[in-house]
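Engineer: Quick note, the sequences are listed as chains U, L, S and A, same order.
Here my numbering is used: the first residue of the first sequence is -10, the next is one more, and so on.
Here my numbering is used: the first residue of the second sequence is -10, the next is one more, and so on.
Here my numbering is used: the first residue of the third sequence is -10, the next is one more, and so on.
Here my numbering is used: the first residue of the fourth sequence is -10, the next is one more, and so on.
None of these hints come from the bench; they were simulated from the model.
Just so you know, same-sequence chains aren't split out, so a pair can sit in one copy or run between any two.
Pairs of lysine to any residue, SDA-like flavour, derived with a Cα cap of 20 Å:
id, residue 1, residue 2
1, K346, A287
2, K346, E117
3, K346, P226
There are 4 protein chains.
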Amino acid sequence: MTTASIQAAPSLAEHFARVRGSSIALSAGLSAEDMQIQSMPDASPGKWNLAHTTWFFEQFVLAREHDYRPYNADWHYLFNSYYQSVGPMHARPHRGLLSRPSLAEVLDYRRYVDDAVQDILASDINEEMASIVTLGLQHEQQHQELLLTDILHALYSNPLKPAYSTGSDTPATASVPMNFVNGHEGLVQVGHDAEGFAFDNESPRHRVWLAPHALANRAVTNAEYAAFIHDGGYREPTLWLSEGWATVQREQWQRPLYWQRDLVSAFTLHGVRTLDPHAPVCHLSYFEADAFARWAGARLPTEAEWESAAVALPVTGNLLRDAPCMPRAAQGEGLQQMYGDVWEWTSSAYGSYPGFKTLPGALGEYNGKFMSGQMVLRGGSLATPYDHIRPTYRNFFPPDARWQFMGVRLAQDR
Amino acid sequence: MTTASIQAAPSLAEHFARVRGSSIALSAGLSAEDMQIQSMPDASPGKWNLAHTTWFFEQFVLAREHDYRPYNADWHYLFNSYYQSVGPMHARPHRGLLSRPSLAEVLDYRRYVDDAVQDILASDINEEMASIVTLGLQHEQQHQELLLTDILHALYSNPLKPAYSTGSDTPATASVPMNFVNGHEGLVQVGHDAEGFAFDNESPRHRVWLAPHALANRAVTNAEYAAFIHDGGYREPTLWLSEGWATVQREQWQRPLYWQRDLVSAFTLHGVRTLDPHAPVCHLSYFEADAFARWAGARLPTEAEWESAAVALPVTGNLLRDAPCMPRAAQGEGLQQMYGDVWEWTSSAYGSYPGFKTLPGALGEYNGKFMSGQMVLRGGSLATPYDHIRPTYRNFFPPDARWQFMGVRLAQDR
Amino acid sequence: MTTASIQAAPSLAEHFARVRGSSIALSAGLSAEDMQIQSMPDASPGKWNLAHTTWFFEQFVLAREHDYRPYNADWHYLFNSYYQSVGPMHARPHRGLLSRPSLAEVLDYRRYVDDAVQDILASDINEEMASIVTLGLQHEQQHQELLLTDILHALYSNPLKPAYSTGSDTPATASVPMNFVNGHEGLVQVGHDAEGFAFDNESPRHRVWLAPHALANRAVTNAEYAAFIHDGGYREPTLWLSEGWATVQREQWQRPLYWQRDLVSAFTLHGVRTLDPHAPVCHLSYFEADAFARWAGARLPTEAEWESAAVALPVTGNLLRDAPCMPRAAQGEGLQQMYGDVWEWTSSAYGSYPGFKTLPGALGEYNGKFMSGQMVLRGGSLATPYDHIRPTYRNFFPPDARWQFMGVRLAQDR
Amino acid sequence: MTTASIQAAPSLAEHFARVRGSSIALSAGLSAEDMQIQSMPDASPGKWNLAHTTWFFEQFVLAREHDYRPYNADWHYLFNSYYQSVGPMHARPHRGLLSRPSLAEVLDYRRYVDDAVQDILASDINEEMASIVTLGLQHEQQHQELLLTDILHALYSNPLKPAYSTGSDTPATASVPMNFVNGHEGLVQVGHDAEGFAFDNESPRHRVWLAPHALANRAVTNAEYAAFIHDGGYREPTLWLSEGWATVQREQWQRPLYWQRDLVSAFTLHGVRTLDPHAPVCHLSYFEADAFARWAGARLPTEAEWESAAVALPVTGNLLRDAPCMPRAAQGEGLQQMYGDVWEWTSSAYGSYPGFKTLPGALGEYNGKFMSGQMVLRGGSLATPYDHIRPTYRNFFPPDARWQFMGVRLAQDR
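Same shape as in the complex, but just chain U (with noise of 0.2 Å):
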């Protein structure tokens, strides 16, 4: 990690503002019930996900001041996630049951933390300081995506299908078609070693050999994947790897999730809408990614590879600004959809980069201690707010995770 310097204190208070308050605002249209419930172990309340980022705060940044005194000594135990090395927490699968503190005690402590951040912001901080308020930054912004994906499941969780914003579809149009774009091709570089922040797991920059490849344009559309489900790609065993087809037979799984029975309609953030056929498929797991392209007799990427394509295109496209936009059909020449819309699965599984250091500290297991059993997503999605990726950004999922917004992008041996 790489961090801000001591003379950009004053705009890390702005950010700060800004970053927090974007937390809030997710989180407006819904109520106490909504952000209370829990609908799956992998997924957090709305409730939890505002207490446990201004945890976050309280913890590595407001217990350095010598003369802090904990908020509510007691939340701790229910707002740490999963640092071991400060202390044991609460069990995951039970976050849903913590009905006090309320929601509204919730708010209040967000505004006491804040207020004490901005205490210390307002003053001359050392660029360690700096670095953590940043990590936490990015941190909250994580926990933005995650809120709206778990708010997202919890509401298709009740019969009732209700909505998390009443919102205008795009009008659909015809996408561009999809085409292969060679990629890069040899020794090439990858990793963070840019100004500004980026996650311990980015590092280092290192050397990859890449053989002759190329990457499809754009993102595999809702259209495409319908032919896949149409033309049996659900009941054929040898699309699929073994571990997968397990889960296809376990799950009784027929369709990406939220899609409806008709496959031609899903629930979204929006309630139930009829799905665009020329916008990016999304809430797939890995184990569909990787069956749709054996059967469309390609390949997903390594994370290599789109890293080398995508470090020289403009870090734009369907992001968060203020509230989510459901994907969009590409158009244009070239690599489209690289950023937004939807995360796009990777072949690499989830592991360190050659020389890999952890940070110190309990910070230390913010990311090297997942590193087993997941894949590699990369380019950001309709949740992930527009500052917060970047071309070396490394997300990463247990390949039968499906409720964020995960789509795929064709690769090919050439």
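Mind docking chains L, S and A on chain U? Use the hints.
Structural biologist: Only chains L, S and A this time, still in chain U's reference frame:
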């Protein structure tokens, strides 16, 4: 079920208003979030309890009126509990995920249905209608007890161990020593035949032959149960039923539910409190009650033994009036605590009386279909509305259930 | 348990030889591998059955002799079933993993123990010793039935569907039409008091009041049960106990265990055979028996009703002599098939009789500790040794068990 | 896969006879019952291993002959492992329930198929046929290792802890001290391109850039691993991957599989034996290998690092010849134990090499479909046939697997 006469209709309206109001009063101190959570599949959220009892009146009373339009047709699926005859239902373990409708909307629903039922009660109604309204109110009272036991479990699942209500402890006083009172012997009659309401499972009244026996004059106390624990009761397999011992090992039981590790305090509706050694032990499974009795050289009473003794006693004790009170030490001569304080496990498996007939239609699903795998409890508890209990009342739970206010009275062969 | 007199000791030796020999005869056609496998936790391997019954004599008969040295001290742990008083035991679900000792070694063990017991029986023995040997032989006979039911299940788990033995089908003949025979009414006595052996759970003899009722003259047939299936019995929740319906859905039950999808053939000890429409339906759970009775407008008998009718009948029927015979159509006037063919589910939960006392010591674990969660069956089956059954005999299984030879006789209120 | 030339056919016949005979030799000391049992879903019975490898030749070699009639058409379903392309199969966890066909019948089956294959090998065969026979023999050798690891697990499940074979312990000698040997740096080539057989997953040969690093000169020893345990390694969450720590807690791991509680002895193929402190530690999961490396201030090697070092070494070590030998202390200069003793966990997730192509047809299911959720191991073990291993060989198991002969070699960044 015998039914109220038509003349009673005016007082039925008053009774309706009072019982329905009690549900609201019992949940008045709970937040929307408290009323949302479901801490285990066997429990229901408070909000759901309020909605389901309302649905019961809508389904079985209002829907009999030919021009009635449902308050919200989509809610039928949500708030039907287990009446297969009237349609499919939301899966019980997922009741806690229904953030919508909100508590405020459920309270509106209650008012709407209350007004509609009162309109009916304001006119002449026939005996059948009166009897269904009465059944609905008995049902409501059952859910008042469940509301208390379910919220106790829900709050217990929170590491903060918040209290349902503040409450002053009754000063601990010595309880009367345990002794055994001879019961009726030979042919007795049990089951309902008196005036007034009873559930279908309390009928028909029938003859049972009782062997010589005696009942303890009071419930087993916390101190007596602690002696069982200190004597290694939870480590000695020969004291337990085979299925009970398997449960002890699987669940790692070492003390009653809600007891703290120190064996002198427990979580209660009033938060963590010191156990009164003289008060009835509470939150025991059938397996624990049975093992304790074996350890004590006694046995559990049969439900016929219990009823034949209870029928002569006034229906009074530590039952629910405005707010629940903790179990209290027994005082006085003769059989004490037969009503109230804690439900008493009997050795009788829950089954049908000879000649049992279920109610016609969907209401036939009320009791009969649960006649397997459960044991009968008698006498009501501190959470049973004072006018809801009677000598013939049969409560029933699986033998590993502990979250109700359940205790134990001993019996002996003579 | 009443006991054999000392004078009977000579014939006890003969009886011992005959019963022990029957176990060997029943397994003679099975390979070491057939005798090894355990197809579900509730079943045991044939080899284990042979070893455990031998251990029973070693533990409860031979070990009483002060100078007895165990055949192999390490085997005590392996072949103790559930007698916690005499030490820990190998976990039941893992019995099928004991490839050592081999079948040949177990047969040696049997011969060794047989010789040692015969040495004892050759001398004067006291009444207590005689009664324990008798208990051991009754126990052996129970395991002969289990050996047949367990191997049937084990062979069924093999896609090749191999037969336990060849056997000629009894020619199908029409059964007598079903009609109902009035039972005893008023005060009756049930339970064991006669000469001869009985298990502890059959005592004490005691009074029961019977309401007016009638029993069907014969068991329900395959044709009658098929009519229930064709009428949608497995799809109609209101016919089922709540727990039964949950089981139907979870287990996807659509027909009795071992019935083929065609509903006209079934897997049997003789391989896949055409079902005799007139023979008793077999391999039903309690839940299915209960649902069938409800569909038929009848109910299951209580065990007291069953016993009070059975006590007057000769103990004869399709019971096990040399080799098991398939169930047969009922012929003749009056109550038929009360003994043999299939065990008959009663509506009585398995519990203790008034004044019940377990046997002293470890043998007290024989029956009493299973008195929860099980239902009583009466009358024996085609796999019950002909001299093992009696009117007071109480068999018991959980309500979802189906792998025993279990069927149903209807009853009615009068 | 490169293939044997036609001229090699005679020696292929000899090779076939030798490899097929080895399977029989390895199981010679086991009874029919030992060969029957399956101690966990991941393991297979010995009998099944013998039958499945035979089926492989029948399916992929004999069935290519137009007039071949299957030995027993019903067995196809039983002995197909996971080749979805050629039909459905018996569920893996139930392989231990197949008492029929018997071991004797399976041995007959082997002889029949062996004769038929030898008939083919006696004539001129084309290159494709030769390559499939070769694949079948490589497959057979993989199952020879599995036969040993599966029977070790099966015998371990028996409280009697019987030995697979008697065997004299190698006298314990001090191992060479651990030091680190610099590896290749920069661009290297890995993957198969040499003469001779290789599996599809070892190709294509491709370039990889290696950062500066070093490999330990030998495997971690029992004494070194015991020091990790004594230092609290199994109680310190920060040493573990998140998924690893969850496994430690769920499975209550406290030491390697097969180690006794005393930490100085372990169950082996020769029964319970004292651990040689200087020999490689064995039966570790990836999670344990990774945690140990972190504790030791090192890391696991990548598979490319391992291979680039191993390619220069002679393929020799403690591999399987006639009978398995326990791991031994390392002696000598430079990299030791790269082949044999224990498989070495790498930090590389099992995936496809750039440009990977599966074999055509059903054989394409051999390796590729397992490329998710598993980690690569390198170098072979004491149970790997000596002529089965090579520098490019990629073994793979889930990160929690421990029943193979798995150990750990450390690596370091330089």
